[in-house]
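Under our numbering, the residue at position 180 of the sequence shown is numbered 180, and the numbers go up by one with no gaps.
Simulated from the structure, these hints should not be mistaken for laboratory data.
C-beta: ideal position from N, C-alpha, C; glycine also.
Among the hints, a few may not be true.
[Claimed, not checked] With a cut-off of at most 27 Å between alpha-carbon atoms, the simulated DSS-like pairs for lysine-lysine come out as follows: (1) K49 / K39; (2) K31 / K49; (3) K42 / K31; (4) K31 / K209; (5) K105 / K209; (6) K206 / K105.
[What the hints assert, rightly or not] Just the calculated beta-carbon pair ranges, DEER-fashion: (7) E174 / K42: 44 to 52 Å; (8) K49 / E175: 54 to 62 Å; (9) N74 / R33: 25 to 33 Å; (10) Q115 / R214: 21 to 29 Å; (11) L111 / E76: 36 to 44 Å; (12) F176 / G75: 42 to 50 Å; (13) E36 / D173: 50 to 58 Å; (14) F176 / K105: 15 to 23 Å.
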Amino acid sequence: MRFITQKGVFSMALPYNLDVTLARAKVDLAKIRVEEIAKYKKVSWEVEKGFLSLPSLNEIYHITHPAGDVSTANGEPVDPRFQVLILHYLTGPGAALRGQWISFKELPGGLIYQQPFYGRAVLPLIRTFGSQPASLLRAGEGLGGRPVDQGDAAVELNPFPCLPVRLVIWAGDEEFPPGGTILFDASAPEMLATEDFAVLAEYLVKRLKNLAGR
Numbered sequence: 001m002r003f004i005t006q007k008g009v010f011s012m013a014l015p016y017n018l019d020v021t022l023a024r025a026k027v028d029l030a031k032i033r034v035e036e037i038a039k040y041k042k043v044s045w046e047v048e049k050g051f052l053s054l055p056s057l058n059e060i061y062h063i064t065h066p067a068g069d070v071s072t073a074n075g076e077p078v079d080p081r082f083q084v085l086i087l088h089y090l091t092g093p094g095a096a097l098r099g100q101w102i103s104f105k106e107l108p109g110g111l112i113y114q115q116p117f118y119g120r121a122v123l124p125l126i127r128t129f130g131s132q133p134a135s136l137l138r139a140g141e142g143l144g145g146r147p148v149d150q151g152d153a154a155v156e157l158n159p160f161p162c163l164p165v166r167l168v169i170w171a172g173d174e175e176f177p178p179g180g181t182i183l184f185d186a187s188a189p190e191m192l193a194t195e196d197f198a199v200l201a202e203y204l205v206k207r208l209k210n211l212a213g214r
């Protein structure tokens, strides 16, 4: 079994150089036997069609192997940032879920980038759903999410089969403003680089905002 370790020096510059990063991720995908990817990342290999089939956020994505081209099942183009995340998920190490949740600052190097992460992902989450927490559940349902008992409203999304993300909202009152957080399973640092989780969280919040019509 040979997967690519995505860990390394954590860059505070986001988004990362998409063209270079995407090209490198495609090269990494080609180095791994497709049967191993299918087995350890819970995706299916459509051998006659030459692509991996990955369920994500109420959609199915096709990833050709060895080329690494990513599209939706309908053949529509995919946001390059999400293409990178898909390929990093498929090529990164696997890990068993622990059922314990950690914040971004608990990821390797996350404390350094906590303030920009809050501004890019958590604050937009709060501004969109803080006054109407129930709308987070409705938007999350559109991405295949499930409600969880946390905060005043919380949804658990599965952007990838083995990688859940929780988004939590606390409603404000006369004394306190609304609050929110984004949580990852404690196994997360073993699967993706911290930079990937920053990009993923921002991407998920934007998808939820669009579904909420904000």
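Structure-based check of all given hints:
For the hint linking K49 to K39, the alpha-carbon distance of about 18 Å falls within 27 Å, and the restraint holds. A hinted pair counts as satisfied when its Cα atoms are at most 27 Å apart, and K31 with K49 qualifies at roughly 19 Å. Of the supplied pair hints, the one linking K42 and K31 holds, its CA atoms being roughly 18 Å apart against a limit of 27 Å. Our distance criterion of 27 Å between C-alpha atoms is broken by K31 and K209, whose separation comes to about 37 Å.
With a CA separation close to 23 Å, the supplied pair K105 and K209 stays within the 27 Å bound. At most 27 Å may separate the alpha-carbon atoms for a hinted pair to count; K206 and K105 meet this at roughly 21 Å. In this structure the hint that E174 and K42 lie 44 to 52 Å apart at CB holds, the actual value being about 46 Å. Separated by about 57 Å at the C-beta atoms, K49 and E175 satisfy the suggested range of 54 to 62 Å.
Evaluation of the 25 to 33 Å hint for N74 and R33 yields a pass: the beta carbon distance comes to about 28 Å. Restraint check, Q115 to R214: a C-beta distance of roughly 23 Å satisfies the suggested window 21 to 29 Å. Checking the proposed 36 to 44 Å range against L111 and E76 shows it holds: the Cβ atoms sit about 38 Å from each other. Look at F176 against G75: about 47 Å separates their beta carbons, and that is inside 42 to 50 Å.
Distance hint check for E36 and D173: the Cβ-Cβ separation is about 51 Å, which falls inside the suggested range of 50 to 58 Å. Distance hint for F176 and K105: a CB-CB separation of about 21 Å, consistent with the stated range 15 to 23 Å.
In this structure, the one hint that does not hold is number 4.
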